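S.K.: Sequence:
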Amino acid sequence: MAGKSESFLKLYGYDLLLGSIAAFYVFAAPYTKVEESFNVQAMHDILFHRHHLEKYDHFDFPGVVPRTFIGAFFVSILASPVVAAMSFAHLPKIYSLHVVRLVLGCITLFTLRFLREQIRKKFGYQVEAFFVILTASQFHMLFYCTRPLPNVFAFCLVNLAYGFLLKGSFYAALRCLIFSTIIFRCDILLLLAPFGLQLLLTKSISLWKAMKCMETVVFCIGLTLLVDSVMWKRLLWPELEVFWFNSVLNRSSEWGTHPFHWYFTSALPRSLLASYPLFVLGVLLDRRISFYILPALSFVLLYSKLPHKELRFIISSIPIFNLSAAVAASRLYNNRRKRFWNLLYIGLLGLILGSVGCTLIFFMASYENYPSGYALKALHGNMLNNLNEVHVHIDTFSAINGISRFGENDYPWRYSKEEGISLEEFQNQNFTFLLNEHSDIKGFKCLFTVNGFSRVRLQSRFPPISLAKEPKVFVHGSIRNAEIMDRSWPQCNAIS
1 MAGKSESFLK
11 LYGYDLLLGS
21 IAAFYVFAAP
31 YTKVEESFNV
41 QAMHDILFHR
51 HHLEKYDHFD
61 FPGVVPRTFI
71 GAFFVSILAS
81 PVVAAMSFAH
91 LPKIYSLHVV
101 RLVLGCITLF
111 TLRFLREQIR
121 KKFGYQVEAF
131 FVILTASQFH
141 MLFYCTRPLP
151 NVFAFCLVNL
161 AYGFLLKGSF
171 YAALRCLIFS
181 TIIFRCDILL
191 LLAPFGLQLL
201 LTKSISLWKA
211 MKCMETVVFC
221 IGLTLLVDSV
231 MWKRLLWPEL
241 EVFWFNSVLN
251 RSSEWGTHPF
261 HWYFTSALPR
271 SLLASYPLFV
281 LGVLLDRRIS
291 FYILPALSFV
301 LLYSKLPHKE
311 LRFIISSIPI
321 FNLSAAVAAS
331 RLYNNRRKRF
341 WNLLYIGLLG
351 LILGSVGCTL
361 IFFMASYENY
371 PSGYALKALH
381 GNMLNNLNEV
391 HVHIDTFSAI
401 NGISRFGEND
411 YPWRYSKEEG
421 ISLEEFQNQN
431 FTFLLNEHSD
441 IKGFKCLFTV
451 NGFSRVRLQS
461 RFPPISLAKE
471 PKVFVHGSIR
481 NAEIMDRSWP
491 QCNAIS
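First residue of the sequence shown? That's 1 in full-length UniProt numbering, and the numbers climb one at a time after it.
Keep in mind that the hints are not guaranteed to be accurate.
What the hints assert, rightly or not - Cβ-Cβ distance ranges computed for the label pairs, FRET-style:
id	residue 1	residue 2	range
1	Val218	Pro412	49 to 55 Å
2	His391	His90	21 to 27 Å
3	Leu344	Gln459	29 to 35 Å
Hints listed in this document are in silico derivations from the structure and should not be mistaken for laboratory results. Treat the numbers as computed from the prediction; the structure is a model and nothing was measured. Every residue, glycine too, gets a C-beta built ideally from N, C-alpha and C.
Taking the hints into account, I'd like the entire structure generated from these sequences.
M.R.: This is how it looks when you write it as structure tokens:
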């Protein structure tokens with residue numbers, strides 16, 4: 001029995017470690033934000049509305065640019081048996097959000113396992129172990145891996161591509177990147193181009209055989225045209241429209257800009273933590289690493305030319321930087337008995353401990369980053385025995401900071417995300433409750449408020465870092481509703 005347990009842990013121990021961390025993030029911070037909105041609502045509608053397209057959220061709230069349904073379909077199909085069982089048991093829909101996120105996490109970690117296996121075959125068990133340690137000590141990759149962002153669907157295919165690259169299956173790697181670019185994120189072209197160019201220059205592939213990848217291009221374009229034209233009810237290739245909007249029109253800069261160096265001075269240090277200095281050392285210590293690092297580095301450099309920058313845009317590069325860092329960590333470990341190397345090894349341990357500390361801070365901040373999700377949950381909890389129809393208005397701030405259709409209850413609850421209503425107009429509307437970012441609305445009484453993350457604050461006492469919170473979402477009740485006014489509420493005091 002002990003032998004079987006040891007064998008199981010040897011085979012799946014790393015998966016259990018990474019999976020446990022990712023699952024913890026799902027249950028601790030289940031709600032989603034605006035970046036995930038399309039795929040979250042799409043998965044909800046596929047699971048609960050099925051073929052009734054007229055009920056789908058994207059027709060009412062299409063977003064700035066259209067996105068593909070292919071990823072949402074794939075996750076929903078895998079999650080559907082469990083979601084169906086939950087619906088049969090009349091469990092709240094929020095548990096279905098847990099399920100789809102866990103399914104996506106399993107898909108992501110499966111692709112990471114494939115990459116890890118190729119790392120083990122190419123660089124050895126020890127490098128694989130450090131790869132897992134560094135990944136587990138970081139926050140962003142495991143936090144994001146269950147979040148239904150287009151970047152995460154693309155990330156899965158990039159993991160497969162790098163796994164095939166390590167395996168020597170270069171054409172399979174190219175096909176994965178082509179699929180990712182055409183279906184999920186057109187910006188993966190910035191990785192595909194240097195990736196393919198390097199393979200051609202090193203004569204790893206021939207130009208003629210590479211041209212055969214056009215079959216994959218045609219297949220992917222046909223697939224997205226077929227699926228998304230049906231779902232959007234117009235002829236559509238979503239990522240072509242995204243490319244035109246972001247790259248040709250450069251409209252993405254309307255959502256904020258950062259300087260050229262931002263990925264290297266902010267995003268990568270935060271996402272890589274200990275791996276950031278180590279990946280540079282890995283390139284210097286093992287000449288094989290350059291072949292794998294150069295496309296990822298080129299990807300980040302090319303992306304830096306675009307003014308609008310977000311950490312999630314370059315999440316696909318993190319595993320390969322971790323590989324380089326793991327090679328460096330392994331070398332430091334092997335030479336730790338030598339005096340100079342021992343100092344470096346102690347520094348490595350300090351970096352990993354520092355990474356764990358930073359990850360805890362990042363998690364605590366992220367936990368407080370979904371105030372409207374907690375506000376709606378608290379409102380539902382306070383109205384458990386209500387039998388009268390309840391109309392809830394969700395303002396734009398609340399809609400993008402934690403609320404999705406998975407968080408909604410069935411009758412007697414009714415929800416509206418109607419935009420363009422001024423604060424003065426609410427008293428003339430038939431809303432029972434408002435979730436709003438404003439504390440004072442005529443015709444309504446503030447029942448309670450939910451705090452959210454504001455900033456990191458340094459302090460002279462222990463712990464030296466604390467998280468400052470401030471009221472983010474105010475829940476108001478109509479003063480015309482006697483039942484609500486007769487209940488006991490915390491007023492405008494925060495409940496979390």
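S.K.: Look at each hint and say if it fits the structure.
M.R.: Results for each hint:
In this structure, Val218 and Pro412 meet the distance hint of 49 to 55 Å, their C-beta atoms being roughly 51 Å apart. In this structure, His391 and His90 meet the distance hint of 21 to 27 Å, their C-beta atoms being roughly 23 Å apart. With their beta carbons about 32 Å apart, Leu344 and Gln459 fall inside the hinted range of 29 to 35 Å.
Comparing the model with each numbered hint stated earlier shows that all of them hold.
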